[in-house]
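**Student:** If you want the building blocks of each chain, they are given just below.
Number of protein chains: 2
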Amino acid sequence: MNLFPEYLEALRGKINGRLEEVYPQGPPLLAEPVHYALSGRGKRLRPILTLLTSQACGGQEADALHAAVAVELLHNFTLVHDDIMDRDHTRHGQAAVHAKWDDGVGVLAGDAMFVIALMELRLSPGRVDELTTAFAKGALAVCEGQALDKEYESQEVVSVDEYLRMIDLKTGYMLGMAAELGALCAGAGEEQIEGVRRYGCLLGRAFQVQDDLLEIFSDAGTMGKSLGSDIVAEKKTYLMIVALERVPAQVRRAVQEARTNLEAGLTAMREILEAEGIRQEAEESIRANIDEAKAHLTSLKEGQILEAFADVILGREN
Amino acid sequence: MNLFPEYLEALRGKINGRLEEVYPQGPPLLAEPVHYALSGRGKRLRPILTLLTSQACGGQEADALHAAVAVELLHNFTLVHDDIMDRDHTRHGQAAVHAKWDDGVGVLAGDAMFVIALMELRLSPGRVDELTTAFAKGALAVCEGQALDKEYESQEVVSVDEYLRMIDLKTGYMLGMAAELGALCAGAGEEQIEGVRRYGCLLGRAFQVQDDLLEIFSDAGTMGKSLGSDIVAEKKTYLMIVALERVPAQVRRAVQEARTNLEAGLTAMREILEAEGIRQEAEESIRANIDEAKAHLTSLKEGQILEAFADVILGREN
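In order, the protein sequence lines correspond to chains A and B.
Straight run, no breaks: the first sequence in this note's numbering ends on number 1357.
Straight run, no breaks: the second sequence in this note's numbering ends on number 1357.
Keep in mind that a hint or two might mislead.
Intra- or inter-copy, both count: the list cannot distinguish identical chains.
Unchecked claim - In silico DSSO-like cross-links for lysine-lysine, where the CA-CA straight-line distance does not exceed 30 Å:
(1) LYS1082 to LYS1275
(2) LYS1333 to LYS1139
(3) LYS1053 to LYS1275
(4) LYS1139 to LYS1275
(5) LYS1274 to LYS1082
(6) LYS1340 to LYS1275
(7) LYS1139 to LYS1082
(8) LYS1274 to LYS1139
Treat the hints as calculated values from the structure; they're not laboratory data.
Chain A on its own, in the form it takes in the complex (with noise of 0.2 Å):
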C-alpha cells in the first residue's frame, strides 16, 4: 500500500477539477464566495470515501465522481454554516466566507452550495431516485447534529451517549451517507450498500473522537486550529465529557486556569487525561469503532482499498 498517498492525490486532483467548473456562472457576490468556499484547503476525505466506495464494491471511479463531488459540495455548505453559527473566522488557515464577505454572503453563498450539490448528484449515471433519497436523509441528519451541538451549549451535563449521538448526527451519517452514494453507484446490493454505510458511521465516530484528542495532544500547526480552544470554550469533547464525570474539580480547575494561562491549563488538562488513563481510552475507542467499521467490509469485492482508508483516518497521514 505504499502508492496510497499518492493514489489519494490523483482522486483528489479529480476532485478539485470538478469543484471548479461546478457553478460556472452567477452573480458575482454568489459565484464568488461559492469558488472561494470550494477552492480551501479541504482533505477532500468525504468524496475520496465515496469514489473508494464505488471502487471496492466494483464500480468505475467516473460513475462515482458527480456523487462524490456532491458529498463534498454539501459538507462544504455545512461548513460555511457552522462558521457563522460558531463565530469562527478561519477555515482551513484563510478567512471564513462570512468573515471575508458578510453574515449574509456566507448565508446564501451555502444555501447556494446546497442546491448545486443537488444538481450535481443528479449528473450521476444510474440510480438517481436512491442517491438523491439518500443525499437528503444525509442532509438532515447533519441539521439535526448541529441543533443538538447548539442545545448541548447551554446544558449543563451532557453524557456520553449524548455526545456520541451528536457526533453520529453531525460526523458519521455524512460519512456512511458518503459510503452509500459510493456503493450505490457501482450498482452494489442492498447488503454492500447497509454495510457501507456502517462503516462510514462508525469511521466517523472514529475520526470525531481522534479530532477530539488531536486538540488537545497535538501542535497547533497541525490541525490549523488554535490550541485547546475548546477547553477555554468549555465545548463539550469526547475527552472533556469523560473527564467531567470522573473528576469533574479537577477539570474545572484546569479551565479555570486555561483561562489566564492557556499553556498551564492545557498542560494541567493533559496530566488529567493521562492519569485517569482516558487519553488511552480514547485511542482504544478510535481502534474499536475502525476494527467494527472494517468487519462490515466483508461482502465487498475490494474491501482492503477501505481498509487502507481506515488507516490512513487513523493514522491522519495523509
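Knowing the structure of chain A, use the given hints to seat chain B on it.
**Tutor:** Below, chain B without anything else, positioned relative to chain A:
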C-alpha cells in the same frame, strides 16, 4: 366565481394541515423554530398555485399536495434566511425566527426546511425525477435573485431591466416553478408545462410590482410592514427606479424629507409618482403582465381556474 375565496380557503386549510405534519420529530432547537416558521400567517399563494395548476391540467388535487407543500417549505426557507440577511425582525406580524431565537437557529432552521422540502417533494406520486430537477432550478434562481438584490444595494444606479431580472429570479421563477410542479403532478404534456411555467413567471412579476405599489400607496396595516420603510432605506423598487431615472433631484429631496418626517416624505413621493404618471404606468404594467400570463393558458383543460387566480392576485382580494 363567487365561491373562489371559500375554495382558496379550503385549499389553504389542506396545505396548513400537511405543513403541521412534515417534521413530526427532531431536536427541540430545530423542530420548534421550524414549526414556528411554518405556522405563520402566510397566504400560501405559491402552494395554492401548484394545486390549482394541477387541477387546470386535469389532475387530481391529492396528487399535487406534497409538491405544493414542498413549494411552501422552499418559500419559507427563503423567508427565514432573507430576514437574517435583511435584518428584518418581523414576519407576518410576529417575530422572525432569528429575532425570536438567534441568527444561528435561523440559519439552521432554514437549512432544515430546505431539506424537508426536498423530502416532501419526493413523496409525490409520479414524475419525481422531473419534479426534483424543476425544484432545484427554482431554488438556485431564488439564491441568484437574492444575490442580485444584495449587489444592487451597493450599486448607485439600477436600471429597470436589471430590476426585472432580479425579481424574475427572486419571485417569478418560484411562481413559475410552483405552476410547473402542479402541471407535472397532473401528467401534463410539454406544451402545457411550458405554458403554465411562463404564466407563473409573469404572474410573479405582476405580483412584485404590485407589492412595490402597495408599499407606497396602501395603509401600513394592510401590508403588515412599516409604511414607506423602503423609501427611507432607499430600497430599489420598481417605482423608485423609474422615478430616479426621470426626476432624480425630486426623488432625492423626498427621500431626504422622509428621513426627518416620514409622513411628509411619503406624501412628496406619492405626489411625484402621480404627477409623473409612474403610478399609472405601474398599474398598466401589472395588467399587461397578467394579460400575457393568461395568454399562456390556452392549451389547458381548465385554464379559467388560473385566470381567476390571476385576478385574485391582481385584486389581492384574498
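**Student:** Does each hint fit the structure? Answer for all of them.
**Tutor:** Hints, verified against the model:
no.: 1; hint: LYS1082 to LYS1275; verdict: within (25 Å within a copy, 43 Å between copies)
no.: 2; hint: LYS1333 to LYS1139; verdict: neither (41 Å within a copy, 46 Å between copies)
no.: 3; hint: LYS1053 to LYS1275; verdict: neither (36 Å within a copy, 43 Å between copies)
no.: 4; hint: LYS1139 to LYS1275; verdict: both (28 Å within a copy, 25 Å between copies)
no.: 5; hint: LYS1274 to LYS1082; verdict: within (24 Å within a copy, 42 Å between copies)
no.: 6; hint: LYS1340 to LYS1275; verdict: neither (40 Å within a copy, 61 Å between copies)
no.: 7; hint: LYS1139 to LYS1082; verdict: within (21 Å within a copy, 37 Å between copies)
no.: 8; hint: LYS1274 to LYS1139; verdict: both (25 Å within a copy, 24 Å between copies)
Consistency note: the structure conflicts with the earlier hints numbered 2, 3, 6.
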